[in-house]
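Undergrad: Numbers given in this note's numbering equal positions in the sequence shown, counted from 1, plus 385.
Careful: at least some of the hints might be erroneous.
Unchecked claim - Simulated pairs of lysine to aspartate or glutamate, DMTMM-like, Cα-Cα distance not exceeding 20 Å: (1) LYS398 - ASP485; (2) LYS448 - GLU394; (3) LYS405 - GLU425; (4) LYS488 - GLU459; (5) LYS461 - GLU450; (6) LYS490 - ASP429; (7) LYS448 - ASP429; (8) LYS432 - GLU403; (9) LYS406 - GLU425.
In short, the hints are calculated from the structure, not lab data.
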Amino acid sequence: SCMCMNKPEATIKCSSCEEKKPGDAPPAKAPSAASVPAGEGWGDQFKAKPGEWRCDSCMCMNKPEATIKCSSCEEKKPGDAPPAKAPSAASVPAGEGWGDQFKAKPGEWRC
Numbered sequence: 386s387c388m389c390m391n392k393p394e395a396t397i398k399c400s401s402c403e404e405k406k407p408g409d410a411p412p413a414k415a416p417s418a419a420s421v422p423a424g425e426g427w428g429d430q431f432k433a434k435p436g437e438w439r440c441d442s443c444m445c446m447n448k449p450e451a452t453i454k455c456s457s458c459e460e461k462k463p464g465d466a467p468p469a470k471a472p473s474a475a476s477v478p479a480g481e482g483w484g485d486q487f488k489a490k491p492g493e494w495r496c
């Protein structure tokens with residue numbers, strides 16, 4: 386549901402949004418208008434709660450407990466260190482393009 390990549394160790398739920406792993410249970414139903422608190426719109430459900438932060442690399446939302454690195458891509462938390470440099474052409478393995486770096490590795494799954 387959040388499209389974040391999960392490590393093979395995340396066998397039950399997404400490490401970012403905590404939705405159940407796809408294929409393990411029927412998909413969750415979308416919230417009805419009655420379940421959205423008064424004064425809030427549909428998009429407000431996706432705003433960060435106190436202490437949560439969005440990873441600049443993979444755009445996944447992280448819980449407050451993720452104080453050092455992203456729970457999905459393991460990139461350092463923004464503001465804790467200088468931003469990572471984009472990989473140079475020399476750092477990309479031969480035969481792979483820039484986008485290949487974002488493909489799932491064996492055992493990983495997308496929420």
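Undergrad: If a hint holds in the structure, say so; if it doesn't, say that too.
TA: Hint check results:
With a C-alpha separation of about 25 Å, the suggested pairing of LYS398 with ASP485 is violated against the 20 Å cut-off. Between LYS448 and GLU394 the CA atoms are separated by roughly 18 Å; this keeps the pair inside 20 Å, and the hint holds. At most 20 Å may separate the alpha-carbon atoms for a hinted pair to count; LYS405 and GLU425 exceed this at roughly 25 Å. Distance restraint check for LYS488 and GLU459: the Cα-Cα separation of roughly 15 Å lies within the 20 Å cut-off, and the hinted pair is therefore satisfied.
Of the supplied pair hints, the one linking LYS461 and GLU450 holds, its CA atoms being roughly 13 Å apart against a limit of 20 Å. Annotation: proposed proximity of LYS490 to ASP429 is violated, straight-line Cα distance about 33 Å (limit 20 Å). For the hint pairing LYS448 with ASP429, the CA-to-CA distance comes to about 17 Å; that is within 20 Å, so the pair holds. For a cut-off of 20 Å, the pair hint linking LYS432 to GLU403 stands: about 15 Å separates their Cα positions.
Between LYS406 and GLU425 the CA atoms are separated by roughly 28 Å; this puts the pair beyond 20 Å, and the hint is violated.
Hints 1, 3, 6, 9 from the list above are not met by this structure, while the remaining hints are.
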